[in-house]
Every structure is written in structure tokens, then in C-alpha cells.
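Asks: Sequence:
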Amino acid sequence: MLFDLGATRLTNRRELGRSQLAVSVFLPARKRLASSQADSNSISVLNTATLNEVIKLPTPDFVKAMSVSRDGQWFAAYQNDGEVRVWRTDDWKLAVTVPSRAGAGIHFGAVDFLSSGDRLAIGWRNGKVAIHETTTGKLLHEYSAHTDGITALAAAPASTVLATGAGFSETTIKLWNPDTGEFMRELKGHQAWVSGLAFSPDGTLLASASADQTVRLWDTKTWVEVATLRGHEDEVYSLAFSADGHRLITGAKDGSVRLWKIPPAERPPALWVLPERCNNLAISPDSRRLVTVGDDYILWDLDSGERLATLTELRGVQAGCDFSPDGRQLLAGGRKGKIRIWDFERNSLSEFDTGRDEDVAGVKTLGATNFLVAAWWSPDVRIKIWNFETRQLVHEFEPSGPQITKGNFSRRGDMAIGHDDGSVTLWNAELGWVQTNFPAHRRAVTGVAFTPDGRTLATGGVEGMAKLWNLATQREIVTLKGHLQSVHALDVSPDGSRLATGSGGAESVKLWDIHTHQELITLAADGSKSSV
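Sequential numbering from 0 applies to the sequence shown in numbering that gives the first Met the number 0.
No false leads were mixed into what you were given.
In silico SDA-like links for lysine to any residue, alpha-carbon gap of 20 Å or less:
id, residue 1, residue 2
1, 187, 227
2, 480, 463
3, 187, 176
4, 173, 223
5, 92, 24
6, 383, 395
Everything labelled a hint here was simulated from the structure, so no lab data went into it.
Hey, can you work out the whole structure from these sequences and the hints?
Replies: And the structure:
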């Protein structure tokens, strides 16, 4: 079947047989489609306009992997028995046969041309990668890449990097210098074997498919994972970028095919790699700045990812923080009941005494109500609320119920509290009375956040999921899956379009589109992570 990717509609179809389709690949320069079937010892080369067969290429065994050189002059096929055959596409004459070096294997074996087409990379069942001369089949060099058999292999457009994956006990992607065989680095993130690899045409992204039902995108400058694409409900076996790099097509074991839009303007960049563990974060009211809290309070530019400043004066207490409603100040919890206030314009630090002796765990400013809120989680749970301008105490109360694990406020002053039994309690913070309580997670709630309009609540759980709730009905809107460990912190952008979730896993922070529920970006951090 052929589909128009712009209209996502079927444009043509041809039945090649009744058995399972093994592999297909386009030859754009020749306007051809090469396709093989699992029970057929041949490759059908079709005219892409009519799907009429142009030529049938005989093979001793069925084909598991194919590759076309970037100039369209060469075509290679990896057979189930491990033999690799290379044809010239101008006359479809067999040019080279590379004998098997590792035997057969149903899922093993991969092949790809290096950028110039003069060399061919082959991944074998024994975990080795071999580089051969295309025209002669001469072995140039060979190196051991994995302990398991190679299941995926892709060369970057400039042939500076060769990416490999293996199955079935390995879950990592390895990067190699194809000229020397030198190991460069390892990419971790998948939870099952890597079944497919593909570089974007401009070489800025590497896409990886896995039996863990996900597709992951990696920034090739930093090699940081920038997105996890979820939607398949079975093992993802294949993937390919469109020629313009704006779309990614993925196919799964259950026969489903998904089309993902990746326009350059919306490609999720790796904004930064955090230099330390991140315990809290705050986004400025204009959505242009971000403060992360670790050993230091660090100010970032959200557009460029530039590190603007390290607020060394706030060092020493890793407490929750928030911007003032006008964005000119940063307020952070401090020791012995103090709230620390950093003035960005004056570069000066001041303090506000809350009247309690215990360290302040976190602060929140509520622009819509002009409130300043401070919270203590131990030795007892207590909330104090002041008028932000006058610093006059408005209300103080002590939430009750099951053990409290997390709390947060809406702009209009409502408070959501998560409990260790998985429930959430909504409070009117100004009056100090309970509005409602509802079950949200099977285990402890580890994060809560309101949308700016106060109509939706995001919750995170120890089971690694985030959920969105309609507060009018207390009904779940969607479950966001992607983190592999507890989702212990959440924040919603001031415009209400994005949700940030933080986890203790390798994928430290994820950004989601609140309206489409799609994952937009993954930010990784060096070392361990506890929260955002």
C-alpha cells in the first residue's frame, strides 16, 4: 500500500502475496520501491507510480533488511542466512556478495551504506560490525559492538557516526566512529531491545525504535534524549524519516503504522543538561525565565537555554521557590521561619520573618489573589497566607487527613493536597475548609499542580504516571505515561499550554502539551535527580 503523507490517505495498493511483508524501502532517485516477503526468496522492485513490478531479484533466503545509498546508485539486502547482496540500481546487476560471517537469526542482522556509498556497514548475529568496500566487497575493518546479535544499524548522513542496537538482553544504543571502529558513547533510555534506528536527513536527530513500544528522539549534538513518542501498543519494529525530515513513520508488530510530524521549527531541542540534581523549579510569569534549585539556584533563559546567573546568595537551603507576580523577585524558603527574597534589579537579598522557628519548606505567590503562601511539612503540616504587598497575615490553618505528601495552590487561592493513600483533597485556602476529596492514584500522590484557570489539576504518582483531572467533576481526563520512576513534581506554564513533570529516572523532566496530551520534550540531568 502507498499513502499520501500530506493527506494521510491511501493512494495505491498492490498485493504481492498472502504472506507477511518482511521489509520495504524506497529508492527516490529511481522512483522505485523494493519489497520482500517472509516466505519469498526474492525482492520485487516496483514502479512507485503504478506499483507494477519492474524486476524481481532472486535471493537464496528471505530478506530481513535493506538499504539504499544516498546517491541511489547502490542497493543492499541482508538475508536471513546472513548473506548480504549488493546491486547496481542502473541495470540491477548483482555487483557483490558478502558471505555470512555469523549464521542465521530471525531478528538479527542490519545493513546501511555510509554517506558516500563507497562503503557498506553490516551488523552480524555475533554482535560484530563490519565495514566493506561497496564495489568489491572487500572487508576494510571489523569490530565487536555488542554481546548480543545486531538488530539495528544506521549511519549518520556525514558518516561521522554509526549507531547500533542489539537484542534481546541489551537495551542501549552504541555510537561508533565508522572509520576506526572506536567506541564513542552509549545512549540509555529504552527498556527493551532496540529494533530500529534512523538518522534524520539533516543529521540533527537520531530516532530509535524498541520492543518497549516507544520511539525516542536524540539530539545528535549533545546526544541527549529530547522526546519519547508513545502510542503504539505493541513492539515497534521499523521507522523512517520523510525526505524533508518533517515526518517520522513508525510501524509496530501489531500492524499499526503511525505518522509523527517533526517540522524543524517544532523539533524539540535539548535545552540543557542540568549540572546537578534538581529539587525544585519555578517559571517566571512571562514564561521567559526558569529557576532550578539544586546545590545552587540557577537562572535560565527559556528560549535559548542559556544559563543567565547562579544566585549564590541563596545557596544553602534547597527549598521551594516562586517568582513574584511581576517577575522582579524570587522568593525561596529559608531557615528558622525565614522567606528569602532576591531582587533581580537591585541584586540584593532580603528576608521576611514568618513567625515560626522551623525551616520554610516552600513558598508560592498567587497573582490573582495577591497572596503569599508559605508551607511547612514537618514536624507538623501548616499553611500561612499573607497579603503579598502589605505582608499582613490573612489566614493560617493546619490541613488534616491521611499523611500529606505534596501540596500546591491555584491562582485563585484553592489548595490541592496529595496523600500517601493516593487521594487528593481540595481546600479553600483563604477560608481553610475542605471542598472535596477524591481518589487519584493507586499509591501515594507525589506531585500536584493547577492550570492557571483553576479548572484542571495535574497529579503525579509514585507509580510513574501523571494524570489530568477535571475539577468540576473530579473525573480523569488523561493519564500521561513516560516516566519510569515516581513523578514527584509538576508545574504548569503561566499560559496553561504546557505541563512539566519531574521524575527520579534518567528522563529527569518532561514537557507535555496540555491540550493534545502529547509529550513535547525530555530534559536529562547529570547524576541523580529527586524533583523539579
